[in-house]
Amino acid sequence: MRKLVLIITLCSIFLANDTISINFKGLDIRDFVKMVAKIKDENILMDSGLNGKVNFISVKPIPKKSLMVLLNHVLETKGYTLVRTHFGYLKVVKIIDAGRSGLPVNSSKDTFQIVTEIIEVENMNVDILVSKLRHLVTKNSKITTSKDTNAIIVTDYPQKIKSIKRIIKLLSNKSQKKIRVIKLKHIKANVIGADITKISKNLFDAKIATNKLEIITNTKTNTITLVGKKSQVEKLTKIINKADSVDDQSSIVMEVIRVNNSDAKDIIKILNKFYAKKGKNILYQPSFTNDTELNAVIVRARQSDVEEVRKIVTKLDVPKPQVYVKAKIIEVSNNKASDVGIKYGLSGGRVTSESLVTMSANLGGSAVAIDTTLLGYIEAPSNVREIFSLGATLSLLETEGAAEVLSEPSLLCLNNKESEIYVGNTQSVVTSSSKANTSTADTTNQYKREDIGLTLKIKPRLSSDNKVTLEIETVIEDVLGTDANGQPITTKRTIKTTAIVKDTELVMLGGLNKVKDTTTISKVPFLGDIPLLGALFTNTTKTKSKASLSIMLIPYIIDENRSMQKLKNELSKMAIAQDKYTAQVIDILKDGKLIKNETLNKDENDSFEDDIEQELDQEVEKEIQRDKAKIEAKKVTKKEISPKQKINKSKYFYVNIGFHKNKKFIKKIKNDKNLNLKISQIISPRGDKFRSIIAGPYDTKAKAQAKLSYIYDNYTEDVYIQQGL
11 MRKLVLIITL CSIFLANDTI SINFKGLDIR DFVKMVAKIK DENILMDSGL NGKVNFISVK
71 PIPKKSLMVL LNHVLETKGY TLVRTHFGYL KVVKIIDAGR SGLPVNSSKD TFQIVTEIIE
131 VENMNVDILV SKLRHLVTKN SKITTSKDTN AIIVTDYPQK IKSIKRIIKL LSNKSQKKIR
191 VIKLKHIKAN VIGADITKIS KNLFDAKIAT NKLEIITNTK TNTITLVGKK SQVEKLTKII
251 NKADSVDDQS SIVMEVIRVN NSDAKDIIKI LNKFYAKKGK NILYQPSFTN DTELNAVIVR
311 ARQSDVEEVR KIVTKLDVPK PQVYVKAKII EVSNNKASDV GIKYGLSGGR VTSESLVTMS
371 ANLGGSAVAI DTTLLGYIEA PSNVREIFSL GATLSLLETE GAAEVLSEPS LLCLNNKESE
431 IYVGNTQSVV TSSSKANTST ADTTNQYKRE DIGLTLKIKP RLSSDNKVTL EIETVIEDVL
491 GTDANGQPIT TKRTIKTTAI VKDTELVMLG GLNKVKDTTT ISKVPFLGDI PLLGALFTNT
551 TKTKSKASLS IMLIPYIIDE NRSMQKLKNE LSKMAIAQDK YTAQVIDILK DGKLIKNETL
611 NKDENDSFED DIEQELDQEV EKEIQRDKAK IEAKKVTKKE ISPKQKINKS KYFYVNIGFH
671 KNKKFIKKIK NDKNLNLKIS QIISPRGDKF RSIIAGPYDT KAKAQAKLSY IYDNYTEDVY
731 IQQGL
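Per our numbering, residue 11 is the first one in the sequence shown, and the count goes up by one each step.
The set of hints was computed from the structure by calculation and includes no laboratory data.
Yeah, the Cβ is synthetic: ideal placement off N, Cα and C, and Gly gets one too.
Warning: the hint list may mix true and false statements.
[Unchecked claim] The calculated lysine-lysine pairs, modelled on BS3-like cross-linking and capped at a C-alpha distance of 27 angstroms, are:
#: 1; residue 1: Lys157; residue 2: Lys193
#: 2; residue 1: Lys198; residue 2: Lys172
#: 3; residue 1: Lys142; residue 2: Lys188
#: 4; residue 1: Lys230; residue 2: Lys330
#: 5; residue 1: Lys198; residue 2: Lys157
#: 6; residue 1: Lys195; residue 2: Lys157
[To be verified] FRET-style restraints, in silico, Cβ to Cβ:
#: 7; residue 1: Thr454; residue 2: Leu537; range: 45 to 51 angstroms
#: 8; residue 1: Ser272; residue 2: Ile177; range: 36 to 42 angstroms
#: 9; residue 1: Arg471; residue 2: Asn271; range: 29 to 35 angstroms
#: 10; residue 1: Ser31; residue 2: Lys217; range: 52 to 58 angstroms
Construct the entire structure; sequences and hints are all you get.
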């Protein structure tokens, strides 16, 4: 087979003198070396480790001079190459060892074998350059650097080295620096130097090493020196020459623009951001300076830019809307407030922000009509009844000792700006103690000052629909007492929330409770002070009381439709109306209250029962005639009912006659039997307590509950009454 291949090859050689056709499959690589040596008339020394098969398909003849290159490529696939020795013959060696075989250095001859080339580099760091070229060399070839001469040493095939040299040349040309000194005629070097630096940063990416540009300003010679690539220097030179022309410099002006409704510093920040994003013709961007005394913006720019800046400042410098927030922070005693609710027939059993509103709603229902004459000259808010009723409720609780207004701060806030008020004092707190190592055992304490009081933070944000978003944070710190070491024990209550309300709409916050232990000592004068025996004449009472904290906030928008002075006048007038309304409410409540300490005697009570029974019969008769249940409000009888009076009856069918809020309510039902009356007290599901008259047969064996309904203020409730109280 080998002889057949050689015969075919030799025949093809004689067929064409300058070209040769080679086709083989599965040919031993050693036989292929022998064939090439025969054709090229070369002596080749083979390595004993050279093994493998070779496949080559040629569709057209190849030049004879390329046969040695082909052999090198085949050997490269096996990790070998050809090296010509000093004795003239070729040697097959491993590529990794080729450098030690005395390769030609910087040879100008066209050769097929690996050579070594020294490439000098200018204006570039060879170490950085080699790190970028290393992937271009042949596998197992070598590329190193010489820092002293700033050169690169490459051992590879000539074609590879040519490619590397072309790349180095291109990179060197791009990195070549050019120096140009520009003499300025009409503009100061220090003025334009800063602008040119900004321009270069925007035009050229400094992260790229070849794009680094240096700008040197010389104020003595009024020159600017540019050091960079030719393209960079040319581009900046055109810009500097244009800026240094007479026409352009004559258009630069300086203007002072006064700011009336805003801070000039804030305006300048907006202008700088605006022109930075605009990004056109950076050299002519306006420069801005702040004058704090005049609160003015000083502009240096072309006349056309000054006019644009003036328009922007005019649009930004508009009166800022404000929000005036009236706050009231109230601490209510639950126990005392409950007593007040029972005393006056109000919902006061539970003291929360919701129950305060409920009590105020009761007051504002029909107890007192707001004086329309007084409100006639006041632009009162739409929820004036709610505000007045709540104010009257708080005044009532204060009068009865059930509530205490901790603070009534008022804050005038700019839109979208946080405002804060603090009321309190500072307390010394021991942070650490140390004792000296002496016989006196002196103790040294370290103190710090802590704020104890009320902090209210409000940040309003206005919307277009006359609503206010309030970001509210309230911190209340208080001293409960002292510990065994004499240190103050403090408590901290915090509310942090966000609410969206309309102008003048009430915001009620609550849910902060605290329990207070109270010790009351009462004694007989003189006798209670006697040692030992005084305890017999002394009474000590310990009570626990719960207090709830509620916060009221009412925002008032201050804008072109409502000035601050106008708001103050309206609030003053509303305060007068509030006082008058509160006084009327309290007077009516005191005059018409349903529970007093004194009780009726039996004769007066029996007479009253007869009157009620007669009235009940009349009402039931009317119901039979109308054939449906209705309720009528009647004037309250001034006679009082004793809560302890009982009438012994074995059977009842319940009919309710209730008294609440100066009204009498009768449940009308059909009845064909004589009704017996009983005096009782009813607590409704809403917590209201009131007197009622109960009548009718009742099945005591079944222990059933009779269900009755009563209606007041268009509100219906079902009350279940068990066997007589």
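Okay, the hints, checked on the actual structure:
A hinted pair counts as satisfied when its Cα atoms are at most 27 angstroms apart, and Lys157 with Lys193 does not qualify at roughly 38 angstroms. Taking the CA atoms of Lys198 and Lys172, the gap is near 50 angstroms; set against the 27 angstroms cutoff, the hint is violated. A distance of roughly 24 angstroms separates the Cα atoms of Lys142 and Lys188; the hinted pair therefore holds under the 27 angstroms criterion. The hinted pair formed by Lys230 and Lys330 fails the criterion: a straight-line CA distance of about 49 angstroms is larger than 27 angstroms.
Using a Cα cut-off of 27 angstroms, the hinted pair Lys198 and Lys157 is violated, with the two alpha carbons roughly 43 angstroms apart. Between Lys195 and Lys157 the CA atoms are separated by roughly 44 angstroms; this puts the pair beyond 27 angstroms, and the hint is violated. At about 49 angstroms, the beta-carbon gap between Thr454 and Leu537 stays in the expected band of 45 to 51 angstroms. Taking the beta carbon of each, Ser272 and Ile177 are about 58 angstroms apart, not inside 36 to 42 angstroms as hinted.
A hinted range of 29 to 35 angstroms for the beta carbons of Arg471 and Asn271 is inconsistent with their spacing of about 18 angstroms. Under the hint 52 to 58 angstroms, the C-beta atoms of Ser31 and Lys217, about 55 angstroms apart, fit the expected range.
The structure does not agree with the numbered hints 1, 2, 4, 5, 6, 8, 9 stated previously, though it agrees with the rest.
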